[in-house]
Amino acid sequence: MTVFEKSTTGRMGFRLPKSDVKEREYDFPTHLTRQKPLNLPELSEPDVVRHYTELAGKNYSVDKGFYPLGSCTMKYNPKVNEYTASLEGFTEIHPYQPWEFTQGSLKLMFELKEALCEITGMDDMTLQPAAGAHGELTGMLIARAYHLSRNDTKRHIALVPDSAHGTNPASAAMAGFDVIELKSTEDGLVDLEELKRYLNEEVAVLMLTNPNTLGLFEKDIIKIAQMVHDVGALLYYDGANLNAIMGRVRPGDTGFDIVHLNLHKTFSAPHGMGGPGSGPVGVKKFLAEFLPIPVIRKENETYYPDFNLPKSIGRTRSFYGNFSVLVKAYTYILIMGKDGLTHASRMAVLNANYLRALISRFLKIASPRVCMHEFVVDGSDFVKQTNVKILDVAKRLLDYGVHAPTVYFPLIVHEDMMIEPTETESKDTLDRFAKILEAIIEESKTNPELVKNAPYKTPVRRLDDVTATKKPIYRWKK
Amino acid sequence: MHPYIPHTDEEIKQMLHTIGVQHLDDLYKDVPVTIKDLRIPEGLDEFTVVSLLKSLADKNKVIEKSKIFMGAGIYAHYIPQVVKALASRPEFVTAYTPYQAEVSQGTLQALFEYQTMICELTGMEVANSSMYDGASALAEAILMAHRINGKHKILMSKAVHPEYVQTSHTYASAQKLSFKQIPLDNFGRTDLQILKESIDENTCAVVIQYPNFFGVIEDLKAIKENIKDAVFIVVVEPFALSVLESPATFGADIVVGDGQPLGIPMNYGGPTVGFLATLEKHVRKMPGRLIGETKDIEGNTGYVMILQTREQHIRREKATSNICTNHALMAVTNAIFMSTMGPDGLREVAKRSYSNAHYLADRMKEKGFNLLFDGPFFNEFAVRFTRDYDSKWRKIFERGVLGPLPLGWYFEEYRDCGLACATEVNTKQSIDEFVELLGCDEL
Numbered sequence: 013m014t015v016f017e018k019s020t021t022g023r024m025g026f027r028l029p030k031s032d033v034k035e036r037e038y039d040f041p042t043h044l045t046r047q048k049p050l051n052l053p054e055l056s057e058p059d060v061v062r063h064y065t066e067l068a069g070k071n072y073s074v075d076k077g078f079y080p081l082g083s084c085t086m087k088y089n090p091k092v093n094e095y096t097a098s099l100e101g102f103t104e105i106h107p108y109q110p111w112e113f114t115q116g117s118l119k120l121m122f123e124l125k126e127a128l129c130e131i132t133g134m135d136d137m138t139l140q141p142a143a144g145a146h147g148e149l150t151g152m153l154i155a156r157a158y159h160l161s162r163n164d165t166k167r168h169i170a171l172v173p174d175s176a177h178g179t180n181p182a183s184a185a186m187a188g189f190d191v192i193e194l195k196s197t198e199d200g201l202v203d204l205e206e207l208k209r210y211l212n213e214e215v216a217v218l219m220l221t222n223p224n225t226l227g228l229f230e231k232d233i234i235k236i237a238q239m240v241h242d243v244g245a246l247l248y249y250d251g252a253n254l255n256a257i258m259g260r261v262r263p264g265d266t267g268f269d270i271v272h273l274n275l276h277k278t279f280s281a282p283h284g285m286g287g288p289g290s291g292p293v294g295v296k297k298f299l300a301e302f303l304p305i306p307v308i309r310k311e312n313e314t315y316y317p318d319f320n321l322p323k324s325i326g327r328t329r330s331f332y333g334n335f336s337v338l339v340k341a342y343t344y345i346l347i348m349g350k351d352g353l354t355h356a357s358r359m360a361v362l363n364a365n366y367l368r369a370l371i372s373r374f375l376k377i378a379s380p381r382v383c384m385h386e387f388v389v390d391g392s393d394f395v396k397q398t399n400v401k402i403l404d405v406a407k408r409l410l411d412y413g414v415h416a417p418t419v420y421f422p423l424i425v426h427e428d429m430m431i432e433p434t435e436t437e438s439k440d441t442l443d444r445f446a447k448i449l450e451a452i453i454e455e456s457k458t459n460p461e462l463v464k465n466a467p468y469k470t471p472v473r474r475l476d477d478v479t480a481t482k483k484p485i486y487r488w489k490k
Numbered sequence: 480m481h482p483y484i485p486h487t488d489e490e491i492k493q494m495l496h497t498i499g500v501q502h503l504d505d506l507y508k509d510v511p512v513t514i515k516d517l518r519i520p521e522g523l524d525e526f527t528v529v530s531l532l533k534s535l536a537d538k539n540k541v542i543e544k545s546k547i548f549m550g551a552g553i554y555a556h557y558i559p560q561v562v563k564a565l566a567s568r569p570e571f572v573t574a575y576t577p578y579q580a581e582v583s584q585g586t587l588q589a590l591f592e593y594q595t596m597i598c599e600l601t602g603m604e605v606a607n608s609s610m611y612d613g614a615s616a617l618a619e620a621i622l623m624a625h626r627i628n629g630k631h632k633i634l635m636s637k638a639v640h641p642e643y644v645q646t647s648h649t650y651a652s653a654q655k656l657s658f659k660q661i662p663l664d665n666f667g668r669t670d671l672q673i674l675k676e677s678i679d680e681n682t683c684a685v686v687i688q689y690p691n692f693f694g695v696i697e698d699l700k701a702i703k704e705n706i707k708d709a710v711f712i713v714v715v716e717p718f719a720l721s722v723l724e725s726p727a728t729f730g731a732d733i734v735v736g737d738g739q740p741l742g743i744p745m746n747y748g749g750p751t752v753g754f755l756a757t758l759e760k761h762v763r764k765m766p767g768r769l770i771g772e773t774k775d776i777e778g779n780t781g782y783v784m785i786l787q788t789r790e791q792h793i794r795r796e797k798a799t800s801n802i803c804t805n806h807a808l809m810a811v812t813n814a815i816f817m818s819t820m821g822p823d824g825l826r827e828v829a830k831r832s833y834s835n836a837h838y839l840a841d842r843m844k845e846k847g848f849n850l851l852f853d854g855p856f857f858n859e860f861a862v863r864f865t866r867d868y869d870s871k872w873r874k875i876f877e878r879g880v881l882g883p884l885p886l887g888w889y890f891e892e893y894r895d896c897g898l899a900c901a902t903e904v905n906t907k908q909s910i911d912e913f914v915e916l917l918g919c920d921e922l
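Residue numbers (my numbering), protein chains in the order written: chain A, 13 to 490; chain B, 480 to 922.
Since the hints were made in silico from the structure, they are not lab data.
Glycine included, each C-beta is placed from N, C-alpha and C at the ideal position.
It is possible that part of the hints are untrue.
Said to hold, decoys possible - Derived list of chain A stretches under chain B, where covered just means 3 residues or more per stretch with a C-beta under 8 angstroms from a C-beta of chain B:
| hint | region |
| --- | --- |
| 1 | 115–121 |
| 2 | 148–154 |
| 3 | 238–252 |
| 4 | 258–267 |
| 5 | 465–479 |
Unchecked claim - Derived SDA-like pairs (lysine to any residue); straight-line CA-CA distance at most 25 angstroms:
| hint | chain 1 | residue 1 | chain 2 | residue 2 |
| --- | --- | --- | --- | --- |
| 6 | A | K91 | B | E521 |
| 7 | A | K489 | A | E198 |
| 8 | B | K907 | A | R27 |
| 9 | A | K401 | A | S438 |
| 10 | B | K508 | A | S438 |
| 11 | A | K296 | A | N212 |
| 12 | B | K874 | A | P317 |
| 13 | B | K707 | A | T45 |
| 14 | B | K492 | A | K296 |
| 15 | B | K830 | A | T42 |
| 16 | A | K323 | B | K637 |
| 17 | B | K830 | A | T21 |
| 18 | B | K764 | A | V191 |
| 19 | A | K401 | B | K492 |
| 20 | B | K540 | A | T103 |
| 21 | B | K774 | A | R473 |
| 22 | B | K907 | A | R473 |
| 23 | A | K48 | A | D75 |
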């Protein structure tokens, strides 16, 4: 039942204090004054609590169990992060307070920026972008501003491998580039021959995820960077998969000029059902003057927002970015420390390879190489044998009380499943998941209809998204 | 051992054995080592980190809510505890984008209801399930307008939030769009005559804020009558819409705004949430994610993401925007807040804010300060103070009051002015004391 159907006219879950300021009649022109009252739900506080508690009960979440969505890094979200981000000294601050009186927030942002620069090997950073894709757009606008500042106006191409996240081409297009897709090798790596064919003076930037979306490290990265730089283009790092290499290799040291990070992935800020996230963008020194305003700086022991960047790309959103997400990432870095961060990436890689080894006993893995923090299952043979789709397997997993991996991504593998366990999962969880998956593969052979009609135990059964899109219902109506 | 990472040495050994390698480093054979010594301090225990963070939070000066007289995009409102309690439920906080709809009905239904509430506020037919903030929502609305008619000239009122304007310029910088600013008339409204003269066949969109950045309520009816078929984009403040006629009534094509006033703390400016609503005929040009109602195979009502063929994971470079992670948790917070307040609650807060702001304006006038504009206002208004208002403002702050925003930051010609705001959190006493302080000669 929707919240609207639970509404009873005349109820309210809120009461204002008494006031001795005299109530006034509105002096707006009549035609600008609302005539029809708002049709919002009318509920008492207990009604509200029960409605949203009921909805919460219909959600799967990391706190509930294993959530191996490839490329999303659903690691455990420490509770202390929530606490520090909710401190009144952080939440009750107006962004336009004099900066002399927000030294705590500015210091936190400055130190977070320094730590992230150190982890990525970059020289300066903005914390403004609100999400990974927002960071990509920011980074690509910086690339554009850089080339234009050198009067290098013919660079209109962004090269993006076919294994890239869908946001890469979309962000590049928003930043005004024509996107050319690079085909990967059979191994799923950047094809150096193909890259060479496309590299010329019209290329502005190559966008790479490393490790890539197949969970493989681009082992020729130094050479790729050299090739890109030789034609005057820039190398962009999509940080979605940084969790695999943190503490071991810094993107900046392998030739990347611009990186974006996902604080809601690698740095344990929660995903909030799809946001808010945070997507800081780091750059090498020669690009720092293009960062969005304001950039947080330190002079003596004072921190301040610097708006004086004549070559800045401007603003990419209001104020300073998703500050409370920054508090969570900062808290995490302090608790983990250098050894903890390195340990996290190593355990993430260990978990992925362990689960990969278990699953390879009964399903084909897309690449024979050792994986990083995630790997891709190639279900095409399985689908041929059983006529059960990978989507069906995913739905059946829900019945066993685990979340399904990412399915049908990356687009270059068909009937695939992309699995990322992250470092916060125990060996027992991985063992159990492999057993469940194996049981479903078995079910698909002996009783395919069972799997095709899954799920059975979820709050709703298989949903019809075809009709939902063909005859869309965007809002509740009486 | 580490509190967030469960592996014991014994388990690591077993796992390596199953993989068929000797050492952890064997898994990294493709990866060079470039970090000798990561210059990050050793990890700390939770107790120490909490006190460190507390000491940082204490370095910020928290102004008592009743003494905040500034809005300008971020507003001090009272947030009922029930909103915080529900919005911080881990089932919401630690879930991801609802890629598996059957186990994400909580997220999907809450967002569907959010979309409905935003439609109700704005009067529009479709709202998406959130943007990053009001500024980026406006920037995306402008790109959307360009997709609708392919034209290039954007007419933007001078009274649109300066940070929204800056953000729009950044987003549009790569799209060959040009901007023209429309000045204000003596009432503080967008100058109708100049707007009318600026319209031509290349005009893509007209952008108006309602109430505008200086607090004045624009006459959307008169504007719509003068802009022909340019895409009409209106930036709104949600509480004002509980008492003002909706932009849809006046023919708006796209309505955007920031949901921060609806149950989200000031958070130093983020995260907030942007909303974007439009007409059904424009839905395929719309950025962001949409949730729709459907049935499951047993005929039960359920919710799924719809029209994903517009989105980046399918259309890639041809997508209607690059948004993937949006601000779902904040959108759900808005929905919880609106469910708690109901239509009467919103209207009462709006009425109290209006009455307090007008009482504040009257008291300031008594003290000899003049309002910059004569147009009707809701809960914000521009007022003339002294020549160097910025430094006076800082001194006021030192007395524990967040005074009106110094307008000189953004408008050289208004260096002596401030943008004042009152909401339901201010009291008669706090207003009276503030006005006394303003009149104080030593400031």
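Status of the hints after comparison with the structure:
{"no.": "1", "hint": "115–121", "result": "holds (count 5)"}
{"no.": "2", "hint": "148–154", "result": "holds (count 3)"}
{"no.": "3", "hint": "238–252", "result": "violated (count 0)"}
{"no.": "4", "hint": "258–267", "result": "holds (count 6)"}
{"no.": "5", "hint": "465–479", "result": "holds (count 11)"}
{"no.": "6", "hint": "A:K91 to B:E521", "result": "holds (20 angstroms)"}
{"no.": "7", "hint": "A:K489 to A:E198", "result": "violated (51 angstroms)"}
{"no.": "8", "hint": "B:K907 to A:R27", "result": "holds (18 angstroms)"}
{"no.": "9", "hint": "A:K401 to A:S438", "result": "violated (29 angstroms)"}
{"no.": "10", "hint": "B:K508 to A:S438", "result": "holds (24 angstroms)"}
{"no.": "11", "hint": "A:K296 to A:N212", "result": "holds (22 angstroms)"}
{"no.": "12", "hint": "B:K874 to A:P317", "result": "holds (20 angstroms)"}
{"no.": "13", "hint": "B:K707 to A:T45", "result": "holds (24 angstroms)"}
{"no.": "14", "hint": "B:K492 to A:K296", "result": "violated (40 angstroms)"}
{"no.": "15", "hint": "B:K830 to A:T42", "result": "holds (16 angstroms)"}
{"no.": "16", "hint": "A:K323 to B:K637", "result": "holds (24 angstroms)"}
{"no.": "17", "hint": "B:K830 to A:T21", "result": "holds (20 angstroms)"}
{"no.": "18", "hint": "B:K764 to A:V191", "result": "holds (20 angstroms)"}
{"no.": "19", "hint": "A:K401 to B:K492", "result": "violated (35 angstroms)"}
{"no.": "20", "hint": "B:K540 to A:T103", "result": "holds (11 angstroms)"}
{"no.": "21", "hint": "B:K774 to A:R473", "result": "holds (9 angstroms)"}
{"no.": "22", "hint": "B:K907 to A:R473", "result": "violated (55 angstroms)"}
{"no.": "23", "hint": "A:K48 to A:D75", "result": "violated (43 angstroms)"}
The structure fails to meet hints 3, 7, 9, 14, 19, 22 and 23 from the earlier list, while all remaining hints are met.
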